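Each of the two chains sits in its own frame; use the hints to bring them together as a complex.
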Amino acid sequence: MELIQFTAAELSEKIRRKEISVLEAVKASLDQIRQMEPEIHSFVTVTEEYAYKRAQKVEKGIRDGQYRGPLAGVPTAVKDNICTAGIPTTCSSKMLEGFVPPYSAEAVRCLERAGAIIIGKTNMDEFAMGSTTETSAFGITRNPWDRERVPGGSSGGSCAAVAAGEAFFALGSDTGGSIRQPSSWCGVTGMKPTYGTVSRNGLIAYGSSLDQIGPIAKNVKDCALVLEAVASWDPMDSTSMKRQDLRFSENLTGDVRGFRVGIPKEYVGEGVEPDVRKAVERAAALLEAAGAAVEQCSLKNTRYAIPTYYIIASAEASSNLSRFDGVKYGYRASEYEGLHEMYKRSRSQGFGTEVKRRIMLGSFVLSSGYYDAYYLKALRAKAVIKEEFDQAFSKYDVILGPAAPTAATRIGESLKDPIQMYLGDIFTVSVNLAGLPALTLPAGLTEDGLPVGVQIIGGCFQEGKIFQAACSLEQALEPWHMAFEKEGHVHGKTV
Amino acid sequence: MAKQYETVIGLEVHVELATKSKIFCGCSTRFGGAPNTQTCPVCAGFPGALPVLNRQVVEYAAAVGIACNCHINRLSRFDRKNYFYPDNPQNYQISQFYIPICQNGWVEIDTPAGPKKIGIHEIHMEEDAGKLIHDEWEESSLVDFNRSGVPLIEIVSEADMRNAQEVIAYLEKLRSVIQYLGVSDCRLQEGSMRADVNLSVREAGSSVLGTRTEMKNLNSFKAITHAIDGERERQIELLEAGKTVIQETRRWDENKESSRAMRSKEDAKDYRYFPEPDLPPVVISEEWLEAIRSRQPEFAHERVKRYQEEYKISEKEAVMVTEYRNLADIFEETAKLTGNPKKSVNWMTGETMRLINDRGVRPEKIRFTPAHLAALIQETEKGELTNQGAREVFEQIFDRDQEPTAYIEEKGLRVVKNDGLLMEAVQSVVDSNPDAVTQYREGKVKVLGFLMGQVMKAMKGKADPEKARQMMEEILKQEP
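Heads up: the protein sequence lines correspond to chains C and W, in order. With the working numbering applied, the first sequence covers 1 to 495. With the working numbering applied, the second sequence covers 1001 to 1480.
Okay, chain W solo, but in the shape it has when bound (with noise of 0.2 Å):
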């Protein structure tokens, strides 16, 4: 019988800070800025020049570890990793290694075998490289400092995961502190969200770690899915043929589907890290510690409990509108305001999901005031517009964030009440549709949904449904 074998992960995940400045300096971090126009002599290691800690930084990377329960150290130092490359100025890396911000915290995601914690090891600070433009046709490659010094903090999990599926948890569950901290925004294709996959494969039941490979290089989930399925495979086809890990970094290729080997054990490099002379230690004291746990919101996993005993909506309904802050903020506030969660939820995860899709926009940059989506649940309960023009007011708010009882006034939106106006409608639909109302009249009630839609029509979509199917029904019962 075939052996069952145990995929062991950890991973490694690199997050860019969303600071105004950078790390060490007070260059802008704005992405895509021209070459080297957000540069000094800090951040191009020009001789003579100091780092100087951004901080903010520190609270941003103890937010996390506080969201994470790390133990946040008190005192913690920043250290430099050396190695010679082109996109790092100073040819070394200020980062953390003996004594980082936060140690020993985890997270809890959701299995299909129910709740389980993913162990954190570590989070520390450090800076980002610059980026190599390399030039095919001159053979030659240019260098933009723009990135470089551009905060990261790296978290650092325990062996925790078995499987993809617990990996991509692990990191929509980071995602998801993350951007409610509003620490990063966290993309993955953008590289502000980036994960070194560490694992390694063992017979089930074995409690010897097997040897591990890294991969990087893994820019969506999709990427790291296929990354997990594609080295797992590889190794268990090696241990099956009676060869033997080798312990090294391997490259993944998307476009591919498989990796390759970068370096091994053997030529991996001695960073001969040593403590920063140029920085002092870290020291947080009590009163600033406390004035970050103070600023932490409440998480999202919090908020799906919170609101199906407060708002009595469904697990799915929470699970749906807490995905991102921001529409979550909006779903609360518009709840408190019409004292009707339903519909606030229905709204959230009904017409703006669509619209995201539709708009193709960030959910996260969706900012609209609760307000005028509470104007609007407010008109239709009044059963002021219908469906159809509900949305198209919906649509004002979601893109212009347009106060909606101007907008309906202005468009003319109000359905009409006026007995009079609707029943001449119905009527005039009745006459002018003899056979639907004979088929109706027989008992085909299908065709009623098709007079309505006349009615509707000649009420330029103004007409309030309920009573115009009152009437309609009223007149059909009636003989001939």
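The following block holds chain C by itself, in its conformation from the complex (with noise of 0.2 Å):
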């Protein structure tokens, strides 16, 4: 067995026991990089300097006892929307190109405090605008199980980065499925946990109300072991919650006897690849198998979570983008006359065509006279989402269903129309205009051989029982593997 192939539980209890050292565990990361990056291109920055740097001062800290959890020593990746104090952070935009933010976000700093070692920054769509990662202004990241297809986005780089060996796992954001989608599409572990449990603080918004930072793994465990590093409550994010259960690692059994289990019908209804519904359909036999009763159920207000969602996000960004401006950082036009002009070319040039695109949306959701009939019904459609989902909860456990209706898609395909790409959301977007927890796990293969996840939604603070669920199933399925393990593409060390 190679050394990428251990999970992040597995590396640092090998680092622990010294059978490795973090040096050693950062060297094959940083190797396995350099092979796939020519190829897969999961990384907008590479932070090699740094990493060996980090690895001498966690190896030391692991002699002296400082770190004792089970991410001291291991390589991650960030995504690059996530604040890095001194390492560039540029959310995959010309606008904020060499912007060196000068303090991190409070996930990177629980990270550090856990002892991983950041070794780089991972490409997104544009400022997380996008389901493909074709958005970024820095090149496209392709999938590691077929290159000729997108990693799905927005955390596409972080999902690939996994998938690739390059990241024993990493860190990336969901706004309305972008660490979801790409995980399913990518054959990893994903999960956006509840809102306010990870802290905002230093994640670029995009939009602040949907936002969360979430961990994207090999497996179950590793997930469980990262977002119990990460999530904090943080005094400087007025959104973030306390939480006194956040050890989700323990008691990771899988025992799911007595588990309520709804399939919405809506989710595995039309428009859903045969594959992909196979794919639900035995995860649900499974379960039952492992003595959970699934049935049958209906959250018919599935149809308006993407207008929702768009409204919403888009009202938000358009806001929240606007510091980008050319006075205090970030690109500036090389020419124009006066304030208005230099506003106009720099944020005109600064950004992509989707960006624009949303933030014009949005300026029109929200201006007078167009403010209730579009953002005011939205957030009354949000409420309206949320409801039907407490009711659901009343009666299941957990809901399970696809991550998206398709598996991963042909570079090109997705940005020849917006609106279809928008419709591909439609089972991730309601879960974070409900602020609910949910998790994508692999699940099976197409006839294509591409990975095909599942996702598991659970009530408002209900993470447990979502890990325990996947716990459950991962157990039932046949061995997974990563996407570099399947092609042989396994570089490094032999340990």
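Treat the hints with care, since some could be wrong.
[To be verified] Under 8 Å between C-beta atoms, here's a sample of chain W residues computed to sit facing chain C:
| no. | residue |
| --- | --- |
| 1 | P1047 |
| 2 | K1446 |
| 3 | G1449 |
[Stated by the list, open to error] List time: in silico DSS-like cross-link candidates among lysine-lysine, alpha-carbon distance up to 30 Å:
| no. | chain 1 | residue 1 | chain 2 | residue 2 |
| --- | --- | --- | --- | --- |
| 4 | W | K1269 | C | K377 |
| 5 | C | K356 | W | K1269 |
| 6 | W | K1269 | C | K344 |
| 7 | C | K344 | W | K1216 |
| 8 | C | K300 | C | K465 |
What the hints contain is simulated information worked out from the structure, not anything from laboratory work. This structure is a prediction, so every number in the text was calculated from the model and none was measured. Every residue gets a Cβ at the ideal spot worked out from N, C-alpha and C, and that includes glycine.
This is the structure we're talking about:
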């Protein structure tokens, strides 16, 4: 078995037992990055020098007892919309090319306290707007399972990095499915926690009321461990929550006896690819076999989720992104006459098409005369969607469904038709609107050999139940492997 | 006959709150720091930075609301006001638009026709912007974010005022209330209090409002008065000429004593207000509100009444001594210590005011120990000091909060009560000024003042004036 094949938990255990040094772990990741990056391009920035320096400190810290946790010494990748002090943070936008934040996001500080080692910043859809990582200003990321396909998005770089063995786990962000959909398409396990569980302090905002940072990992246990590390009550984020129930990895037995599982018929109906539906049905059968009661249910307001999401997220984005104006930091047009033109040119040149589309959409729905008809109505629809979920969770412990209607699409396909791309978010956006936690884990392959994930959704603060159901499913499914293992793209040192 | 016009005025008053830290971050609000030294990712609008509400701002805003008889919304919200300008680092201002913290209040002002209630439409919390510094030589502008995020409240009145006097009375009232609360120093010149005037005119007797304009850049009571009179005239002239008033924002130029249009309603900005998603609603619990209520001070108008009843001082004295809370507090404490409110108020309205003007200090900055003034008053009551001596001691109290007894001893200011010494001095003045003595005896009693002056001079000001006068009169009455 190669070093990079270990899970984060396995690697840290071996480091603790001195079977592997932190330096070796970092070197293995960086070697893999060197091999894979020309084809995959998961990273916007690789922090080689920083990672080696950190490796020495962490090695010593582990020996001194400073770092005892399961992420100590483990190489990780961070999505490029999460601020890292001293390391460029670009949101994959020309607007922030070369921007070096003076501070780190709280989630990054949590990782550092846990002894994890950041080896780079991952590619993404520009400002997290997109579902394919194709809107990045710094080039596309390719799916490690099929180089002609996209990894999904917007956390495509983070998911691809884990799938390609470049990082043992990664942080992503999820505003409307940006962790769960690419996790599904890249065959990794990713979770969007309950809104308020991970501090948004230092996460460059897209849709503030929907954004959450979450873990992307090789399996359910790693996912739980990473969430434990990054979940925190942060007085610097007024929307962050005090939670006592953060020990998700404890008692992770996969015992789902007595669990009630609902499958919304709207999630397996028209528009869902047969391979995707099959994966969900098989997952349901496996949970049933493990002792859960599975039945079909209905979330009839699902059809309102996409317009509601695009109104709210775009409205918030139009305001959040107004700070990028060429005055203080980031891109400024080289030639302009006067203030107005500086704004106009800097923003016209600095933002890509999709970002501009959403800024315009968001500005429109907030403008006077349209606010009531669009934004207020969307807020009401959001409340209705949340109410419907609340009712469902009075009957079910978890809800099971797909993360996306299809497996990974071909490069270039979805950019031709933005509406079609938006519709692909149907099974993920309502979870953000309702503030709920949800996890995607790999549940099979399509006929073309592409991974298909299933999504497990829980009620507010019910991550524990989600992890239990996911663990059960993971145990029942055939052993999963990362893309790089399948293709034999395993580089570096054999342990 | 010329038409009669009525002026209708409403005010939007911004008040900078005297909190130690800014409204959404921990940066200092101190005035006058080097540019961009009191900034952080939050108030400089860095990506990923989030606002966290300063509780003190809520308490201050609610306290002003309570003082202005407002309904305090138990749940209020912050909203974003979106507009691009470089002094605004996020390109949106966090303010309260849909549900402000305070609504539907009033304050009472005095007018020649008697007391009048001015309605308060709302009071809301918001953040201040940074400051642009234009460099004419370099043709460039720089921005200082030190002021960005300093807390403000905006007090929006109803259109209840009819002339400049009422506007000034309203502003004085707000200033008094806010200073008593210790929430702001309310200085128009320094911008810690800023007033925008909304004004329209209509024919007397009409109940329909005319088209209003908004006047900005008014940084003194004088400018406000001039601007109101000027704008009233301008609007009446327009109407008399058969023209219409355009709804617009106008900038007052105090040097030219005229205003010019800044922007009209047509090119008014669309601020795209929406609820601030980074901040949860502001919820004020019953206990919290009660705690704020229990800390409300007794305000000037309440003290004016009580002082007249309790201390038997005149209304005029009570109004003067309550203008500043610190001075009223000193008065009251002194009156209690001495049991002599009359003398206490005299020192506060007389010598204290004189020294404030003379020294050019801000009245609200005056802090001296009431026990010191009380001791001084007691010394004078015992006849231990001449008026001149007492004033000298008081200057020491005013300037340095000097304990008076020690100072009187040290400087030997106590009046001389030794009758022999005094008699000697009086006799010597009588002996050496025979002409004056003769004039007095011939009925020119005014020369007594001159003779007494000579005595005081001889005694270096330390003579008990009453006693000296008695002795002098005794001697002068005797036949030569």
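Hint check:
1. Residue-level restraint check for W/P1047 holds (minimum Cβ-Cβ distance to chain C is 4 Å; threshold 8 Å).
2. Proximity of W/K1446 to chain C is violated relative to the hint, the smallest CB-CB distance being about 76 Å (cut-off 8 Å).
3. The interface hint given for W/G1449 is broken, as the beta carbon of that residue sits about 73 Å from the closest beta carbon of chain C, more than 8 Å.
4. Restraint check for W/K1269 and C/K377: the C-alpha separation of about 23 Å stays at or below 30 Å, so the hint holds.
5. Between C/K356 and W/K1269 the alpha-carbon distance is near 21 Å, which keeps this suggested pair within the 30 Å criterion.
6. For a cut-off of 30 Å, the pair hint linking W/K1269 to C/K344 stands: about 17 Å separates their Cα positions.
7. Restraint check: the Cα-Cα separation between C/K344 and W/K1216 comes to about 28 Å, which is no more than 30 Å; the hinted pair holds.
8. As the CA atoms of C/K300 and C/K465 are separated by approximately 24 Å, the hinted pair is consistent with the 30 Å bound.
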